[in-house]
Amino acid sequence: MNLHATALIADDEPLLRDALRRQLGTVWPELEIVAEARNGREAVRLFDERHPDICFLDVHMPGLSGVDAASHIGRRAHLVFVTAYDHYAVQAFAQGALDYLLKPVEQARLAETVSRLKERLQSSRPAINTEQLLQQLSEQLAKLQGGGKSEALRWIRAQAGKTVRLIAIDDVDYLRSDAKYTIVAWRDGGKPAEAVVRTPLKELLEQLDAEQFAQVHRSVVVNLRAISHVKRHDNETAEIHVKGRDDVLPVSRNYLHLFRQM
Amino acid sequence: MSELGMTPKPDGVIAKTSRRVAVALTMSVGVGLLMMYGWSSSPSALFLRTSILGLSATAAFAVFEAWPRSLPRWLERWALQVVAVGVFMPMTTLLIYALSTPPGAAPFWEVPARLDGWTHLTFAGLLLAPWTALATIVRQKEAFARDQKLAFALERSELEREALDARLHLLQAQVAPHFLFNTLANVQALVDAGSPHASAVLRSLTAYLRAVVPLLHEPAATIERELQLVRPYLELMQMRMPDRLQYAMNVDPSALKVRCPPTTLLTLVENAVRHGIDLSEEGGRIDIDIDRRAERCVIRVTDTGVGLHQSAHGLGTGLTTLRERLQLIFGDTAQLRVTSGAPRGVAVEVDMPAQT
Numbered sequence: 001m002n003l004h005a006t007a008l009i010a011d012d013e014p015l016l017r018d019a020l021r022r023q024l025g026t027v028w029p030e031l032e033i034v035a036e037a038r039n040g041r042e043a044v045r046l047f048d049e050r051h052p053d054i055c056f057l058d059v060h061m062p063g064l065s066g067v068d069a070a071s072h073i074g075r076r077a078h079l080v081f082v083t084a085y086d087h088y089a090v091q092a093f094a095q096g097a098l099d100y101l102l103k104p105v106e107q108a109r110l111a112e113t114v115s116r117l118k119e120r121l122q123s124s125r126p127a128i129n130t131e132q133l134l135q136q137l138s139e140q141l142a143k144l145q146g147g148g149k150s151e152a153l154r155w156i157r158a159q160a161g162k163t164v165r166l167i168a169i170d171d172v173d174y175l176r177s178d179a180k181y182t183i184v185a186w187r188d189g190g191k192p193a194e195a196v197v198r199t200p201l202k203e204l205l206e207q208l209d210a211e212q213f214a215q216v217h218r219s220v221v222v223n224l225r226a227i228s229h230v231k232r233h234d235n236e237t238a239e240i241h242v243k244g245r246d247d248v249l250p251v252s253r254n255y256l257h258l259f260r261q262m
Numbered sequence: 263m264s265e266l267g268m269t270p271k272p273d274g275v276i277a278k279t280s281r282r283v284a285v286a287l288t289m290s291v292g293v294g295l296l297m298m299y300g301w302s303s304s305p306s307a308l309f310l311r312t313s314i315l316g317l318s319a320t321a322a323f324a325v326f327e328a329w330p331r332s333l334p335r336w337l338e339r340w341a342l343q344v345v346a347v348g349v350f351m352p353m354t355t356l357l358i359y360a361l362s363t364p365p366g367a368a369p370f371w372e373v374p375a376r377l378d379g380w381t382h383l384t385f386a387g388l389l390l391a392p393w394t395a396l397a398t399i400v401r402q403k404e405a406f407a408r409d410q411k412l413a414f415a416l417e418r419s420e421l422e423r424e425a426l427d428a429r430l431h432l433l434q435a436q437v438a439p440h441f442l443f444n445t446l447a448n449v450q451a452l453v454d455a456g457s458p459h460a461s462a463v464l465r466s467l468t469a470y471l472r473a474v475v476p477l478l479h480e481p482a483a484t485i486e487r488e489l490q491l492v493r494p495y496l497e498l499m500q501m502r503m504p505d506r507l508q509y510a511m512n513v514d515p516s517a518l519k520v521r522c523p524p525t526t527l528l529t530l531v532e533n534a535v536r537h538g539i540d541l542s543e544e545g546g547r548i549d550i551d552i553d554r555r556a557e558r559c560v561i562r563v564t565d566t567g568v569g570l571h572q573s574a575h576g577l578g579t580g581l582t583t584l585r586e587r588l589q590l591i592f593g594d595t596a597q598l599r600v601t602s603g604a605p606r607g608v609a610v611e612v613d614m615p616a617q618t
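If you read the protein sequences in the order shown, they are chains W and A. Start counting the first sequence at 1; every next residue gets the next number (the numbering used here). Start counting the second sequence at 263; every next residue gets the next number (the numbering used here).
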């Protein structure tokens, strides 16, 4: 029986699109490639136009990724993910029993995938990529690859006039909340400088390394390495003097225990 | 915190004290043995006296080691200790003899034998105790210097280890499997298609690997070496995304011999490609400007990619490690600045001393 099927190839690298098209031409000459997309968004648009039976989606694409595009396509097509080397993605595909190819694509492996796809098309079995599965995959990847949420903050994005500047967290002397903003006191090549960020102090504190930064007052978080000395007062409060600055920071009673041994 | 650090550990105090007492008692016994000759009363009284003298010298030494807590500028702690020990000797001897005189008996200076003993003991004490104190101080200073040297060595090796870690980390990132396999997939595609470009791409890949692998063994590179690494990298990336990546280099020839941490330039360029261009559907342009201004060298890599707002996470590792390595080598004299480009994209600038 001669099966007529259509396919879409999405990859941001033109050479790799050509290569897959050529390899498919050898392994499955009857397959008609009806669309080639350069990114996830184009893949979604072309899918909606051409409704191919099969989509080959590169995982790593600018804008919308292959997994994002897959969530849009859902069960309306059989999906094959393509990736160069992505431990996490491969792990996730294997768990979901989803089809995937590794670049450079091996002919034998492609032939296996193709025979599986043919089988599914012939038996008109629905695509295995249920929305639930794709949703899971997307979340899993975001969690595994992103990972950055729990990681300590390394740069603070600060606005200075029209430009945005990244301030390395090690250069920060202290943070002080001021009405709607947070003032970042930092060192620009050794010289004291100040910048303003919109992120609330509380939110920044959550992302900071607790070994390096300590909250000493409701509105002050200080880099412990920037402290020159701490002066205690009789009324159960204290003040922090910052290295190379005239600034004096308040320590409130609740945080005084941090400096008990000093 | 510093006060806490200065307080010696309890077991250290016990060890130090018992060592001092042992030295004092040994010397007391030694002096006693020498004085046996010509001593008329019982030997036990003699040894008791020398021991009391030795211990009181030790006590004086220990007391003035910590008290008073602050000294006037002109008075050195060690001088105070030596003088105190010297003053304690005749005083203690005087006290011993005054107290050991039975009530009603003649004062000791009127009994020739006792006066003789007192003179001998005072003389021996004055002769020996301050010198012993001095010797102890010298030994302590030496031990302190040794400790400090050890601490410095430890710190240095720690820094070296950190530098090595950073380099290894970087190397792993540079020969990242994702980059390699993707590039190999491109090479294979060209070969399969019988493309005349295949050989050029393989040459770029070879040049890149040849430049990146030896970096593991080198503590420093030069701008020239960095360019040998960055050129094939950009050639490969441009082959992979011909419609999305443009680049230009503007290198001051006098900067070529300037030394920098290995993969400095590559880190900047790779950051621009991965977090700027690669995330953008329409791609962009990368400009590399390297200038030497007298004693400074400024490397500036600008891209017109998605910019800081969209590449929220991920900007981290490469630039953070580079920043740490610059700090390790140049301290505060090198800076890494990240600013948003206009109208979009990112500009990263490394400003460092131009060492050749």
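Calculated directly from the structure, the hints in this document are not laboratory data. Treat the numbers as computed from the prediction; the structure is a model and nothing was measured. We put the CB at the ideal spot given by N, CA and C, even for glycine. Heads up, a few of these hints could be off.
Unchecked claim - Far from chain A, by Cβ distances over 10 Å, these chain W residues were calculated: (1) Gln122; (2) Asp178; (3) Asp188.
Claimed, not checked - Listed next, the stretches of chain W that the computed footprint assigns to chain A, with coverage defined by at least 3 CB atoms under 8 Å from CB atoms of chain A: (4) 45 to 57; (5) 103 to 111; (6) 157 to 167; (7) 206 to 216.
Which hints, by number, does the structure contradict? 3, 4 and 7
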